[in-house]
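Undergrad: Sequence:
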Amino acid sequence: MPITRLLIEDFITLAKQHPVFDVRSEGEFQHACFPGAHSLPLFNNEERKVVGTAYKQESKQKAIKLGLEYFGPKMVKMVEEVESVLDSKQMTVNGKMNGKKENKPVEITDKTVLVYCWRGGMRSAGVAWLLDLYGFKVYTLVGGYKSYRTWVLKQFEKEYPFKIIGGYTGSGKTEVLHALREQGEAIIDFEGLACHKGSAFGNLGQPKQPKQEMFENLLANALSVVSEKNSTIWLEDESQRIGEVNIPITLFKFMRTCRVYFLDIPFEERLKYIVTAYGKFKKEDLINATVRIQKRLGGLEAKTAVNYLIENDLHGAFGVLLHYYDRFYTKSMNNMRENPEMVFKKISLETVDMIANAKKVLAVYQQDMPVSSTSL
Numbered sequence: 015m016p017i018t019r020l021l022i023e024d025f026i027t028l029a030k031q032h033p034v035f036d037v038r039s040e041g042e043f044q045h046a047c048f049p050g051a052h053s054l055p056l057f058n059n060e061e062r063k064v065v066g067t068a069y070k071q072e073s074k075q076k077a078i079k080l081g082l083e084y085f086g087p088k089m090v091k092m093v094e095e096v097e098s099v100l101d102s103k104q105m106t107v108n109g110k111m112n113g114k115k116e117n118k119p120v121e122i123t124d125k126t127v128l129v130y131c132w133r134g135g136m137r138s139a140g141v142a143w144l145l146d147l148y149g150f151k152v153y154t155l156v157g158g159y160k161s162y163r164t165w166v167l168k169q170f171e172k173e174y175p176f177k178i179i180g181g182y183t184g185s186g187k188t189e190v191l192h193a194l195r196e197q198g199e200a201i202i203d204f205e206g207l208a209c210h211k212g213s214a215f216g217n218l219g220q221p222k223q224p225k226q227e228m229f230e231n232l233l234a235n236a237l238s239v240v241s242e243k244n245s246t247i248w249l250e251d252e253s254q255r256i257g258e259v260n261i262p263i264t265l266f267k268f269m270r271t272c273r274v275y276f277l278d279i280p281f282e283e284r285l286k287y288i289v290t291a292y293g294k295f296k297k298e299d300l301i302n303a304t305v306r307i308q309k310r311l312g313g314l315e316a317k318t319a320v321n322y323l324i325e326n327d328l329h330g331a332f333g334v335l336l337h338y339y340d341r342f343y344t345k346s347m348n349n350m351r352e353n354p355e356m357v358f359k360k361i362s363l364e365t366v367d368m369i370a371n372a373k374k375v376l377a378v379y380q381q382d383m384p385v386s387s388t389s390l
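Numbering (our numbering), first residue to last: 15 to 390.
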C-alpha cells in the first residue's frame with residue numbers, strides 16, 4: 015500500500031479514528047506531543063544527538079548510516095508495539111459491543127496508522143516504510159510536529175462564541191461548568207486541561223501539570239473539537255496564569271471581551287463549600303499553600319490563617335483566605351476589560367448547588383440572548 019502524506023487538517027481529521035505514533039525521541043515526546051499520540055521513538059535521546067552531530071559535522075550519508083545501525087535492531091519491536099496498540103483498540107471495541115449484549119466479537123480489519131516526526135523528514139519516512147512493508151496503511155504528516163504547532167498557534171487567533179461563568183472563589187464555577195456539560199452544553203475546562211484549579215491551593219489532589227507547550231496543544235485540540243458544531247461554548251472566568259501555565263495572550267484578551275454570567279452567592283455559603291472541598295487535604299499541604307501567598311495575603315493575615323490551620327479550625331482559616339481571594343477577584347474583574355459593567359451579568363443565588371445553578375445560568379442566558387429582528 016502506498017504511503018500517503020497529509021496536510022495538518024486532514025491529519026487531524028484521521029487522528030480522530032486511527033492511532034497516531036510520534037517517532038521523535040522520548041525527550042521530545044515528553045516535552046509535548048500531538049494529544050493522544052503513542053510514543054514510538056526511532057532514536058532515543060542519545061542516539062538522536064549522535065545522528066544529529068554526524069549530520070552537521072560530517073555528512074548526510076554518515077548520519078543515515080548511523081541511523082540505520084540504530085534502526086535495524088528495533089524494527090521487530092516497533093512493529094510489535096504498533097500491533098499492540100491496534101490490539102488494544104480491538105479489545106476496546108469488543109468491550110463496548112459486549113456492553114450492548116453483542117455476542118460476536120468485531121474484528122478490526124482496518125490497519126490504518128498515522129506517523130509523524132519533527133519536520134516530516136527521514137524519521138517518519140523510515141518508520142512509515144517499515145510499517146507499510148509489514149502491511150499497515152500508513153499516513154505521515156507533511157511538515158511534521160512543526161506544522162502541527164503552527165496550526166495550534168493559529169487556533170488562538172480566532173474568535174469563538176464564548177460565554178463565561180464568573181464568581182468569587184467558592185462559587186462552584188468548575189462544577190457548574192461540568193453540570194452545563196451534563197445538560198448538553200459545550201464547554202472547555204481550562205483548569206482540567208492545566209491540571210490545576212487556579213489558586214495557591216490549586217495543585218492539591220491534581221496530577222502533574224503539563225508543560226506550557228503541551229497545555230497549548232490540549233487547548234487547541236479542545237477548541238477545534240467543540241467549535242465545529244456548537245454556537246455557544248462555556249468557560250470559567252480565569253486569570254491568564256493557571257498554576258505554571260498561561261492562557262495564550264491573544265486568546266485571553268478575546269476572553270476578556272466575552273459575556274460573563276457572575277454567580278453571586280453569599281460568603282457563608284461559599285465558605286462552607288470551600289471547607290468541604292479543601293478540608294480533606296493534609297494540614298501540612300494547606301499550611302504550605304498559605305505560606306506561598308503570605309506576601310500578597312499580608313503577614314498578619316497569613317499568620318492568623320496558619321494558626322487556625324494548626325488548631326484544625328478550617329472555618330476560621332478559610333474565612334481569612336476567602337476574604338483575600340474576594341479582594342483579588344474584584345480587582346482582576348477589571349483587568350484587561352474595557353467595559354466590565356457591560357460584560358458582567360450578575361445572577362443572585364442562594365447556595366452552591368451545581369445542578370440548580372447551571373439551570374439558572376441557562377435560563378438567564380436564554381433571556382439575555384438578543385431577539386431576532388428578522389420579520390416573518
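Do not take every clue at face value.
[Stated by the list, open to error] Here are the computed lysine-lysine pairs in the DSS-like style, where the Cα-Cα straight-line distance is at most 27 Å: (1) Lys267 x Lys243; (2) Lys125 x Lys30; (3) Lys74 x Lys63; (4) Lys172 x Lys267.
The set of hints was computed from the structure by calculation and includes no laboratory data.
Undergrad: Run every hint past the structure and note whether it holds.
TA: Do the hints match the structure? See the list:
Our distance criterion of 27 Å between C-alpha atoms is met by Lys267 and Lys243, whose separation comes to about 24 Å. At most 27 Å may separate the alpha-carbon atoms for a hinted pair to count; Lys125 and Lys30 meet this at roughly 15 Å. Annotation: proposed proximity of Lys74 to Lys63 holds, straight-line Cα distance about 14 Å (limit 27 Å). A C-alpha spacing of about 11 Å is found between Lys172 and Lys267, which places the hinted pair at or below 27 Å, so the restraint holds.
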